[in-house]
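Novice: If you're matching them up, the sequences are chains X and E in order. Per the working numbering, the first sequence starts with residue 1, numbered consecutively. Per the working numbering, the second sequence starts with residue 1, numbered consecutively.
Watch out, some of these pointers could steer you wrong.
The list treats identical chains as interchangeable, and a pair is accepted whether it falls inside one copy or across any two copies.
Derived lysine-lysine pairs resembling BS3-like cross-links, with alpha carbons at most 30 Å apart [claimed, not checked]:
#, residue 1, residue 2
1, Lys43, Lys325
2, Lys419, Lys279
3, Lys345, Lys421
4, Lys325, Lys505
5, Lys345, Lys401
6, Lys505, Lys421
7, Lys505, Lys419
8, Lys401, Lys505
9, Lys293, Lys283
10, Lys505, Lys345
If you are wondering where the hints come from, they were derived from the structure by calculation, not from laboratory data.
Below, each chain spelled out in residue letters.
Protein chains: 2
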Amino acid sequence: MTNKDARTPVSSQTNISNQANGVFAASQGKKPEEEQKSIGWHKAYVGGSRPDLRVPVRQVHLTNGQSVTLYDTSGPYTDPSLDTDVRRGLPPLRENWILARGDTEEYPGRPVRPEDDGIKHTSPRGGLRNLDAVFPGRPRQPRRSRDGKAVTQLAYARRGEITPEMEFVALRENVLPEVVREEIAAGRAVLPANVNHPEIEPMIIGKRFLVKVNANIGNSAVTSSIEEEVEKMTWATHWGADTVMDLSTGRNIHTTREWVLRNSPVPIGTVPLYQALEKVDGKAEELTWEIYKDTVIEQAEQGVDYMTVHAGVRLPYVPLTANRKTGIVSRGGSIMAAWCLAHHKESFLYENFEELCEILATYDVTYSLGDGLRPGSIADANDEAQFAELRTLGELNRIAKRFHVQTMIEGPGHVPMHKIKENIDLQQEICDEAPFYTLGPLTTDVAPAYDHITSGIGAAMIAWWGTAMLCYVTPKEHLGLPHRDDVKTGVITYKIAAHAADLAKGHPGAQEWDDALSDARFEFRWEDQFNLALDPDTAREFHDETLPAEPAKTAHFCSMCGPKFCSMKISQDIRREHGGSQAEIEAGMVQKSKEFAASGNRVYLPIAD
Amino acid sequence: MTNKDARTPVSSQTNISNQANGVFAASQGKKPEEEQKSIGWHKAYVGGSRPDLRVPVRQVHLTNGQSVTLYDTSGPYTDPSLDTDVRRGLPPLRENWILARGDTEEYPGRPVRPEDDGIKHTSPRGGLRNLDAVFPGRPRQPRRSRDGKAVTQLAYARRGEITPEMEFVALRENVLPEVVREEIAAGRAVLPANVNHPEIEPMIIGKRFLVKVNANIGNSAVTSSIEEEVEKMTWATHWGADTVMDLSTGRNIHTTREWVLRNSPVPIGTVPLYQALEKVDGKAEELTWEIYKDTVIEQAEQGVDYMTVHAGVRLPYVPLTANRKTGIVSRGGSIMAAWCLAHHKESFLYENFEELCEILATYDVTYSLGDGLRPGSIADANDEAQFAELRTLGELNRIAKRFHVQTMIEGPGHVPMHKIKENIDLQQEICDEAPFYTLGPLTTDVAPAYDHITSGIGAAMIAWWGTAMLCYVTPKEHLGLPHRDDVKTGVITYKIAAHAADLAKGHPGAQEWDDALSDARFEFRWEDQFNLALDPDTAREFHDETLPAEPAKTAHFCSMCGPKFCSMKISQDIRREHGGSQAEIEAGMVQKSKEFAASGNRVYLPIAD
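The shape of chain X in the complex, shown without the other chains (with noise of 0.2 Å):
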């Protein structure tokens, strides 16, 4: 089934349906060759060096005539031109460029086994696989560095090598391709792509570019399905995630994986200790460095493009939780201190770190160094344990830099207004500068059902203050997994955050979207405003709550304060009988009030003068 006609990335198979429907509703009923032109807005393209280097973005088309061009992370879905298939995958965009480079080599790969997908050895359903049974779609072998070769988007940029990615990222950040080279190569950025990652459309994620956000999706032991997953995936990107983080846990988790890596347009990060320990029925000290490791390269191979990797958790610091209000409340980092207590030890992450480095190098993958000590609560905020870990990290941070390995640096969790900047400047200051990717954070306890906005608010501040990339928050966290709308919600809050540290950080470009829609809002041009906001569905589906009508779309006040007390008339109003032009009003007010001076009135404020 394709999307041709619906305009709607839906497979029947798997489940995934109507994503796009309100944001097309615009276009919806008009042909095809009049959709170009008409309003609301459409998928289109920027041109970069090369055929095949074409980037996304989201065009929108005002009633004005003017346009207003957005980024896009919608992915092929929202691009009525292509058949997208999620039985068969996304096309590999990459694959040509990553071909190009011969700088790396097909190989058989580690066998799939049953256990991978949390199936017990003596299932009958047991017996090895290779990838194509897990997704059917694009046979392939897995792909990594030939010997001797670094394939990191960090070491091609050290050797100042501007990647097709990295040209692919400056076209859709709208800064020169020399500016993204820099900022990788200095370690301040990462461009998270997996060779076996070839479906995304690259992102980069540093303080001198646009603020990220990051969802999260994953089944748990107590519900979600694989085709629930791949449909949250689509679904985050279409309202605007940058990347997925896949935090299954459950059965499934190897073709849970799969099937949301080859339909992805985003990079996906994991963390591989939750697999791991599914492996060792989920007892932490049973874990063992060789597991972990054969876990890493299992996912390394299907494309994950980050992992988050806790071995900032060392042993010496477990103690200092001990007077902790909320404990440890990082899944990986609490793993992590039961395996070093149990065996009395330092942490198998810590010790083996420069073998996974090499790994994560063979592949591209870019680490995201955990934080398994971050607060748990408002009272455990910027205490010992969080900062000797975060010392570590930077320490860390080093050690994969000699690999070439991209690395970013995950914060918290729950820190009060006041102790948020501490975060941020420790971290540059500690990480030199390393990418900060932050979940939230949440700045009071007290609202659970609503920490979307208790950490939407830490999360705006802190990406003002230099933080890369959000995770986001929905209202379902500390309560149960998210659902459909619950993701839609989390993934809103969390542009909106961005956003408005973008404007914060005078990105170029960013106020520029603000202003379009001002400018609807001023000139009641309703579909413009419905049509530049985040959520169009949403701001339309308001209005026509108490006001439905047609003619309600083109009125010049709305039903907040009705026709006669609307400021924006009044203002319109003041503006029209008082000069016609936008250089006569002004001139005419100009006059006007010099008039009034002259009258002896001398009121005016030196500023005026």
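Starting from the known structure of chain X, fit chain E onto it as the hints suggest.
Specialist: Positioned in the frame of chain X, the structure of chain E alone reads:
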């Protein structure tokens, strides 16, 4: 109809229903005598220096036998021992205090005219009425200061008097009464309490106190009714609104306001200009000082506690808005600008400000000096027009203080994060630290339908930096009139912002709430988490969506991670396995670590030594 049985402030006549339902769920179905000790929360009172001085609190009883005391704005409606009836109004709590001072007198008052309710002079329904006819519940005459008496809380504070109102808020805020008196006397705080609104439970607005939240209600010409507005008011205070502004602009303004006032446990604010404009059929240029003054007296006699007055919108500032992207977005501001330009005269509010001060002082109405030229878009933030008006507000603030009129200053609006601090810093400097009362600010314009969030971010920040009260924004902002759910979402979002600011300011006792909830979370006391939450209903509902069974309420995990991956559970297991009591755990952990260090692995960070 009373609320004795259902514990919901219901009147079938006014259709107020169910607002307390969910919150009381925990104690529903229990007999009254069990109630006081039951899990959940109940209304309690903290006694003062006299029997009629009892400060309401929300007492949350936890399953571990402890209890937490929270600030309570819900009024007598949540007291099951009181009969409330919206046709009768709330008991006049402050009446004896006002009478005892002996500085006010009853008088016949201004007759109520049909046009006060927006009814044309020629209407067959016309004819003069008195206040009794408008609200039959409690026959009364309005009250005003006796000749020459200064009856404002500011005047009392300056004279060194600690009024019962001041003692009430001192108990509420857990500070010494002298601190309250000092802050009011210095003009750094206001205690809005019209002598004609004896029903309120006094509250204070100032940066040394808890950050307050205002909720706007009000019918517009397009929709809404008296019943809905009264219900919205009690609904808003139920969820934590500290004051309510009645911004009605349609029919029945006078009567709606009377019903709201007689049933409101919190101070009520208004914008008299809106009603004045109704009286001249919406024609701004026909407004006169006389009509405005008459409206102010009308509302003051009813008991309005604070009034927004746009006296800072002066003729010479109007041209400063000509280059703006969104002109003048304040309704009051645009009305006054239109008047100034139409007559080419200085604002009648500015010109007659001293006489207005005399009127407000007569009833102890507090000024909320409106920011009629606040920015309506990111592009217009912190511009000349805005700050020119702010300087005038500083001037007016000093005049008001000469008349002993309590005064707060309104602030924006739409401001990107990096320009927020300048607003509060400048306001505090220019306005002699008078309380700042801001709308948001919205930190981006691109998310209509989510402006409670775009503005909640800015609100939390500006409150941290010193704003004393936040005017809420609902999801319907810019799109339509808020309904019941929107009001709740707006209030909860702003309670989050206010509390996050209280935490960041280090307000004494603020963190106890977070700590209690964090403890409950770490100890898997689910019911306690719900009952301590800002919105217990939604927290419980979200949890039950995925794990509805009763045992899940005591389960040591939730559906987010499932039993195997619950970090809190692992954390607890660690503590249990490696020690007994908290002290033993710590000792054990430290001992283990010391052994580790002694073994030659000197891995400790300096801070751990």
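Novice: Please go over all the hints and tell whether each is borne out by the structure.
Specialist: Outcome of the hint check:
no.	hint	in the structure
1	Lys43 x Lys325	between (49 Å within a copy, 28 Å between copies)
2	Lys419 x Lys279	neither (39 Å within a copy, 52 Å between copies)
3	Lys345 x Lys421	neither (34 Å within a copy, 49 Å between copies)
4	Lys325 x Lys505	between (35 Å within a copy, 21 Å between copies)
5	Lys345 x Lys401	within (26 Å within a copy, 69 Å between copies)
6	Lys505 x Lys421	both (15 Å within a copy, 15 Å between copies)
7	Lys505 x Lys419	both (20 Å within a copy, 11 Å between copies)
8	Lys401 x Lys505	within (27 Å within a copy, 40 Å between copies)
9	Lys293 x Lys283	within (17 Å within a copy, 76 Å between copies)
10	Lys505 x Lys345	neither (44 Å within a copy, 42 Å between copies)
The earlier numbered hints that this structure contradicts are 2, 3 and 10.
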